[in-house]
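Engineer: Going down the list, the sequences are from chains A and B. Each residue of the first sequence is one higher than the one before, counting from 1 in the numbering used here. Each residue of the second sequence is one higher than the one before, counting from 1 in the numbering used here.
Please note: incorrect hints may appear among the correct ones.
No copy labels: a pair is met if it fits in one copy or bridges any two.
To be verified - Simulated pairs of lysine to aspartate or glutamate, DMTMM-like, Cα-Cα distance not exceeding 25 Å:
(1) Lys322 - Asp274
(2) Lys322 - Glu289
(3) Lys322 - Glu283
(4) Lys78 - Asp112
(5) Lys322 - Asp38
(6) Lys322 - Glu27
(7) Lys15 - Glu32
(8) Lys322 - Glu32
(9) Lys15 - Asp112
(10) Lys78 - Glu255
What the hints contain is simulated information worked out from the structure, not anything from laboratory work.
There are 2 protein chains.
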Amino acid sequence: MNVKHDLVESVVAGKRLPLARLLTLVENNAPEGQAALDQLFAHTGRAHLIGVTGSPGSGKSSLVNQIALALRNPSSGKPARSVAIVAVDPTSPFTGGAVLGDRVRMRDLAGDPGIFIRSMASRGALGGLARATTGVVQALDAAGFDIVLVETVGAGQAEVDIARLAHTTLVIEAPGMGDDIQAIKAGILEIADILVINKADHPGVDSTVRALRAMLELGHPTHSHSFTGSTTPLWIPPVLQTIATQSEGIDELVEAIDRHAAYLHATGAWQARDRSRLQVELEQLVQVELNNNWRASIPPELIQETLAQVETRQISPYQAAKQLTQPLPELHPG
Amino acid sequence: MNVKHDLVESVVAGKRLPLARLLTLVENNAPEGQAALDQLFAHTGRAHLIGVTGSPGSGKSSLVNQIALALRNPSSGKPARSVAIVAVDPTSPFTGGAVLGDRVRMRDLAGDPGIFIRSMASRGALGGLARATTGVVQALDAAGFDIVLVETVGAGQAEVDIARLAHTTLVIEAPGMGDDIQAIKAGILEIADILVINKADHPGVDSTVRALRAMLELGHPTHSHSFTGSTTPLWIPPVLQTIATQSEGIDELVEAIDRHAAYLHATGAWQARDRSRLQVELEQLVQVELNNNWRASIPPELIQETLAQVETRQISPYQAAKQLTQPLPELHPG
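Excised from the complex, chain A in its bound form:
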């Protein structure tokens, strides 16, 4: 695929308009977008990727804004860092949540050239959105942003999958969560590197902190490690309290984020997370390619006829799948 060399060069040079154009190509799954990503990939691997997930109503968007502001205006003589924010909404198009969040976001952050914001909504398959998000994050990484924050709306498996693509995963909760939603939360806590109780001025914050610490204890049993004699330091996810609307607790949160990055680098976990992220991406792309190749190699009528045989219970779905995918004699990888 022939790409305008200009586009790739302009993105690497940090120009905003070509970057926005590239992201649209990537979101639309356009071949030029993929070709540009192929060339840009050599420039990736420098940004600190931070996933932000957690319950709806926890004030995630406001907190992400505050993190971005703190990174732009560091307190103690540290250098300011450039920040890209990707807001992903995998829920139904008729919720409208992303649009509302964006308006608040624009008011706080607009006009700072060191901040770039992109919203992505689901337009069909969840798998498609996850793939597009991966591409968008790679483009922002290649464009030279120090920090890429990926925020997901909602708290389902899709959000967890997207958040897991990061070096550091923040899980945001609000006080007063009921016992009934622990089932959802348990899965999310397992992926948390840093836990944040936002709205820490609301009632019930102490019991929420206690409940989360208890659940973390289950997920990260620190006691069992004292017998192994391992010298690798273990990361115990801190439980922090913030009030995003009053900018309280934000500096401590940014400090924890930086501490986690330092931990990842010191232990080799940074590279391990990179590897596992790229492996997942490669496996998914292989699946897509295998499926594309298969569809191109088989007459659609044959699929329809086989499906009709399944519908009339002449063959089972498994037998049908076997028939439609005879093992291949050999493969010639390039």
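Given the structure of chain A, go ahead and fit chain B onto it with the hints provided.
Structural biologist: What follows is chain B alone, placed relative to chain A:
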């Protein structure tokens, strides 16, 4: 694959112990289980498959028990129907929710030979659980149960995917849901054939009914249809109120379930849902087969070497996937 012919015959004859043994084989993804399912598939397609999903804490399990009891002991001279219940827990193994629900369930339903209960927990990949659930439901269908109720714990995408495999999908809510969780609910409401507000004696039931009706209105815009002149009757999901702990509203719910089955049969939607379910299953099995064939045809070292090239940014993940899956010269479907 050679299966003990006995197993298949015993399951079709309605024997319980061989059925339980088959379900274990299916859950463990054992080749004998798949071979038995292949033979049993000709006997499927008769059960009414009902998916039950909704928020944790809505009292789903108690309600499912009450539905089963009502189907076993019908009020007005109707025949009793046999019922299989499949409880699926896709959340993390350490939530323990399924075990608790089972204990209550056993107390209510144990000893009735017309009821069969099976719990399934996630042991790894969500995709694996969804596939196993499909197989378990097919076995129960072939075993001759009139009704198969598939209940999922939690409210994420995985649960929605599992519930969607049914002819009729019940979405259960409790009163007093907050505005903040509407994002999750919106996606679930889209798949509801019948909406149930359980715990209808709790405060806030009227506003919850109002909110759900308003959201349904968005998802099923009935007004727009009045101009099309279509003569196909449209199914408007009813919003019902129940108190499972006091067996209130259960007969009305069973009536709505039967009305929905009659609607599906009258409009041809029953067959359409069957077809789309089998098509999804076939596509997923084809993906698994393609992936298995690919892994069998390619040296693992080559995958590792290619991944290393991606890690060192020599080639992009997309280029790597292309290299590892050269288009195939031809395929010989059996």
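Engineer: Which of the stated hints cannot be reconciled with the structure, identified by number in ascending sequence?
Structural biologist: Going through the list in order, the structure violates no hint and respects every one.
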